[in-house]
Amino acid sequence: MSGHTTNLRLKLPIACVFLQFLTILLFTLFVQYDAETSAKLWHEELALRNKSHLQNEFYLRYPSFQDVHTMIFVGFGFLMTFLKRYSFGGVAFNFLIAAFAIQWSILIQGFFHSFHNGKIHIGIESMINADFCAGAVLISFGAVLGKTSPVQLLLMTVLEVTLFGINEYILLSCFGAKDAGGSMTIHTFGAYFGLMVSRILYRPQLKKSREREGSTYHSDLFAMIGTLFLWLFWPSFNSAVAAHGDDQLRTVMNTYFSLAASTLTTFALSALVNGGGKLDMVHVQNAALAGGVIVGTSGEMMLTPFGAMIAGVLAGSVSVLGFKFLTPFLASRLKIHDTCGVHNLHGMPGILGGLLGVLVAGLATEDVYGDGLADIFPLVASGKRTTTYQSLFQLSGLVVTLGLAMIGGSLVGVIMKLRILGSPNDSLCFEDNIYWEVPEDHHNGFQGVVVVRAQETDRDSSA
Amino acid sequence: MSGHTTNLRLKLPIACVFLQFLTILLFTLFVQYDAETSAKLWHEELALRNKSHLQNEFYLRYPSFQDVHTMIFVGFGFLMTFLKRYSFGGVAFNFLIAAFAIQWSILIQGFFHSFHNGKIHIGIESMINADFCAGAVLISFGAVLGKTSPVQLLLMTVLEVTLFGINEYILLSCFGAKDAGGSMTIHTFGAYFGLMVSRILYRPQLKKSREREGSTYHSDLFAMIGTLFLWLFWPSFNSAVAAHGDDQLRTVMNTYFSLAASTLTTFALSALVNGGGKLDMVHVQNAALAGGVIVGTSGEMMLTPFGAMIAGVLAGSVSVLGFKFLTPFLASRLKIHDTCGVHNLHGMPGILGGLLGVLVAGLATEDVYGDGLADIFPLVASGKRTTTYQSLFQLSGLVVTLGLAMIGGSLVGVIMKLRILGSPNDSLCFEDNIYWEVPEDHHNGFQGVVVVRAQETDRDSSA
Amino acid sequence: MSGHTTNLRLKLPIACVFLQFLTILLFTLFVQYDAETSAKLWHEELALRNKSHLQNEFYLRYPSFQDVHTMIFVGFGFLMTFLKRYSFGGVAFNFLIAAFAIQWSILIQGFFHSFHNGKIHIGIESMINADFCAGAVLISFGAVLGKTSPVQLLLMTVLEVTLFGINEYILLSCFGAKDAGGSMTIHTFGAYFGLMVSRILYRPQLKKSREREGSTYHSDLFAMIGTLFLWLFWPSFNSAVAAHGDDQLRTVMNTYFSLAASTLTTFALSALVNGGGKLDMVHVQNAALAGGVIVGTSGEMMLTPFGAMIAGVLAGSVSVLGFKFLTPFLASRLKIHDTCGVHNLHGMPGILGGLLGVLVAGLATEDVYGDGLADIFPLVASGKRTTTYQSLFQLSGLVVTLGLAMIGGSLVGVIMKLRILGSPNDSLCFEDNIYWEVPEDHHNGFQGVVVVRAQETDRDSSA
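Those protein sequence lines, which keep their order, are chains B, V and Y.
The C-terminal residue of the first sequence carries number 463 in UniProt numbering, and the numbering is unbroken.
The C-terminal residue of the second sequence carries number 463 in UniProt numbering, and the numbering is unbroken.
The C-terminal residue of the third sequence carries number 463 in UniProt numbering, and the numbering is unbroken.
Among these hints, one or two may not hold up.
For chains that are exact copies, the list does not tell them apart, and a pair is met inside one copy or across any two.
When the alpha-carbon atoms are kept at most 35 Å apart in a straight line, the in silico DSBU-like pairs for lysine-lysine are as follows [as the list claims (entries may be wrong)]: (1) K324 - K335; (2) K40 - K384; (3) K207 - K119; (4) K417 - K324; (5) K40 - K119; (6) K384 - K208; (7) K40 - K51; (8) K207 - K51; (9) K207 - K384; (10) K207 - K335; (11) K51 - K384.
Because the hints were derived from the structure by calculation, they are not lab data.
Nothing here was measured: the structure is a model prediction, and the numbers come from that model.
Next up, chain B with everything else stripped away, as it sits in the complex (with noise of 0.2 Å):
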């Protein structure tokens, strides 16, 4: 039934081997320790610059690492098990995207920012930013979830790690644009992204699984595992890669209260917008998100608290609102299937945090910073540019993003089309049992659902 194509046999062990026997080589050839990972260069540091081990960025960086590692994985990972019958692949592909993403971007990622002497130096920082690197795969995995083989996944992994590496490049090193948690390079690019890769794959037929697309009491569960943890994470996430001390504290402070003031704003509007005054689980499990989101470019900026605050009511407010009319509307007007509402979660609030990093930056002022401008705003604070200037690279950033995104979407996208790939045809989506060994209970399930209605039939019949 499930024909052919589906079957992974072969596609999927030759795609992964390739993948990993070409990663193995290049590493071989370019990766190597950073001065703070190596024995012999860490204990030169020690020896020569009279350092102490507390000074080992691994200290200041390896528990922020753990959390944003834990949100790549079980936070994204169970947010996609929402589908009642494609949990196991809902966290299972992410795995399998997110563990080659992470190994592919510390090249790609390498090549742009620490490639020395015909070598790419790598340490905590590297592997921080591969794991964002792969958040913004999994932002777009989240709108083709249930629509694409994991051949394809692996497939649109690569090249979109490529694009996010030059994109990142762009905006940080060309233009010197601050966006320490990712509004722009992380949650707008991989929404984008995404949305134009299902713009591209786009199936008339999707209605044929429709049945398929919603969850059960229980799936709704273990998508609040995932919720819960990125949520608990985020300012871990937009405080990763931040200056140290207070830029780092301030960073988890703004983003605390962002997605604090986000979450009350979900429950709220929620309750609003749903014809019966009860409240929906989707919104829940992604509207709370999206203060954290918000916060990505400007939480390392003095946001102050209650701007924080605003930044999180706006943020949710937007996202429920686009869960209830924007969704539809997407997939019934432009064609665009968003399986987790991705443009919700990360695509409107990645591109007001953007945004709102240009409000923030343009504010700027020395008085305000003191001597911590030259942490966050190191070309304002030399002299070399005006915060109007820095407002504008900003900007700039977010324009070429969205840019490189649907261009880089829609190209990869076609190229994902080709049949070989093994994607489920359009009555199969949604259905775990073509790609995995199911237990039992989940053919039962299934039919269930069909049985249940035959006999709900028969008592109305009867009655």
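Once you have looked at the hints, place chains V and Y on chain B.
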């Protein structure tokens, strides 16, 4: 069927929006970054006081904060999912309440503890303390779980957080009592506050909802996610605001041993008191945690590892016996229905924890604590107070806490009885359907129970 | 139906209370806070040695400890929930065993490693090592999951922890072998010990319980919680007791890459070896983790990132192939029934990890390690030993581990056969009902399977 009173369409948005905007207004007027969070001020510290970034409290407290944060949102949240038809409400109202409580308690605790020159100065410890305060509210939530509307819960949060701040101020600032892990301020306060609310909201006809007041096999597993994260991170909870160095480490270690001992004790007594010689998941989910509660006050003191274990045995015993014998008594005789059994996990172990603090403080000597005495009992070390006086102040703190919690809970309970707040009627408690859009299997599940019973009856009669 | 022998009413309380009181007695006699945990001693360190609080090991090790702690209780615990009718036992007996093992191993390891002047001095590293030792016991538990009573498991824990301590002492203290992440001391030891216990407890009639030895759709998702937390925090596991600075960071990085590579390999081989070209959740849940096991010895060495990846590919391959071909062989020919497949995840990758340590230690040069050589191979750096000798001692450590584990497991298995210990009979393995009060749906669920089959038969015959 659920009646218009539980419809959240206007009530919840009004409550959330009002509280969020009031909070933003008060933050705008009063709250600012402290000297470790502000770009300008921290860089002044670096320059003037010759500090290094490593000395920013962020690096000493943030990992502990994240553990506490996980306990509040994932730990408490999933612990509350054990009810078969109220798992959405359990985890999501926990989320809502906590997201508001942390904002509100930043204000309340700020006014009491860090209000200088008309401004509240906040940093990493403010966030930890805000999460602590949310913990107390969530304990109270546990007592009324399934029997209250989210609007009632938000109202309770506003008032309880305020009273929590007053009580904490009396204990820590007026009495100079020690309570780093909150045996008194968090556990005792939260439990008896919640129990009194539950007493006031007593429903004589709650038996109409009795069939929903149980668990399913998988809801018990979801609850175990909460239990384990609470158990794991409790050492961080008790040590998060303890003094630097040995104090934090000792608190961690004492909590670790107390929890391990309460876990063995829980399994032992659970098998013993259950009629059939079988274990009960309710005990494992709750009583195993009592070891964390009981060392909340004394954990930072020189309790010794074996002292911590004895405390854990005591806590686990009291807790299991409470579930077996006291909870039914409270419900039938005192008209206190305690959904999660918070009296057993937080109430009695909290009181015992306060008393243990009285004892261990009374035994403190300079010989045992050395120069470390000043960190734990500064008033004793500076000669302003004897250990006997310290001990008496600890005891007074416990008495005041019990008094304020019980009076406060009663008054707040009366206010929460307002009909407009949308509480469920007696036959619809422990039911997500009245506040949530639920997936189809939730409907079926409940009818399913009825259907299965009907079938059983058929089979019985035909047999 | 379950017979009186599995009734826990007296057996379990007696075992728990005896062990807990014995532990408390031994702690009272022998255990005290070390110089970083004691108020007096640490303040002497501060004063006499001019230390700062930041140098307290707490700040360098506690985040790693908490990650390891999460792995032991949530990671192992939820990984064990995959069985459809034994999820309570999986997660909760894991909890019980680990809570006792950490207490007991503080004593055992303390006697071997930190016994001075008649006292065991314990600090943060003692807690990490205690959790490590619990890990070994939980690996053995995986081999006998569902076929043993909690009393048997506690007895196994007492004995295995003791033997673990002896083996570790021989390897680390006598042989000077390196094994920071425990490829040998934890994984190889725990796996072969458990496999021999399982061999001795072999049940020829276990097929009577076969229909329970599978998963459900959601029990597989619960197991994924365990898998992902193990996967995420494995870098912390391998690095938690490594030397400060570069050693910890390098171990983290090597583990990160090894795990990523074993994940891709697992997906590739899973699709390849399953008949229908579909993926198998058992492989994803287990084999993807083998990359963490295989670098347990060599992770702190200068393995290089590509070396770590090659190790990961090897570990993932061996593990998937083991599940497919070796596990059935062990069960049918060698009468070793391995419920969780610990031989594939911990056994073979553990041996390979030991051998990889032999290789990488043999290749160590001063040129590559610089002054860092003294951290990793102190005996080589001080000229007391050549790298070849170090390599041979590593190999000897592996051999001794295998020998002690297999002999010890056999002897302990014999003791565990005592009838009084309450093991389930052959037709009631993998069944929570005999040790737990279970919710009603658990009863129905099991009957349900029968009922559904009956219906299917009806439909078949009527068709």
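Verification of the hints:
Only within a single protomer do K324 and K335 lie at most 35 Å apart by alpha-carbon distance; the minimum there is 17 Å, versus 43 Å between protomers. In the homo-oligomer, the alpha carbons of K40 and K384 lie at most 35 Å apart only across protomers (21 Å), although the nearest pairing inside one protomer, at 38 Å, exceeds that limit. In this assembly of identical chains, the alpha carbons of K207 and K119 never lie at most 35 Å apart, being 51 Å within a copy and 57 Å across copies at closest. For the homomeric pair K417 and K324, the shortest alpha-carbon distances inside one copy (30 Å) and between copies (33 Å) are both at most 35 Å.
Proximity of K40 and K119 under a CA criterion of 35 Å is satisfied intra-copy only: 17 Å inside one chain copy versus 38 Å between copies. In this assembly of identical chains, K384 and K208 lie within 35 Å of each other by CA distance neither inside one copy nor across copies; the values are 59 Å within and 73 Å between. In this assembly of identical chains, K40 and K51 lie within 35 Å of each other by CA distance both inside one copy and across copies; the values are 14 Å within and 26 Å between. With identical chains, the CA atoms of K207 and K51 are never at most 35 Å apart, being 63 Å at best within one copy and 63 Å at best between copies.
In this assembly of identical chains, the alpha carbons of K207 and K384 never lie at most 35 Å apart, being 56 Å within a copy and 73 Å across copies at closest. When the C-alpha separation of K207 and K335 is checked against a cutoff of 35 Å, the pair qualifies only within one copy, where the shortest distance is 13 Å, while the shortest distance between copies is 51 Å. In the homo-oligomer, the alpha carbons of K51 and K384 lie at most 35 Å apart both inside one protomer (32 Å) and across protomers (29 Å), since each shortest distance falls under that limit.
The earlier numbered hints that this structure contradicts are 3, 6, 8 and 9.
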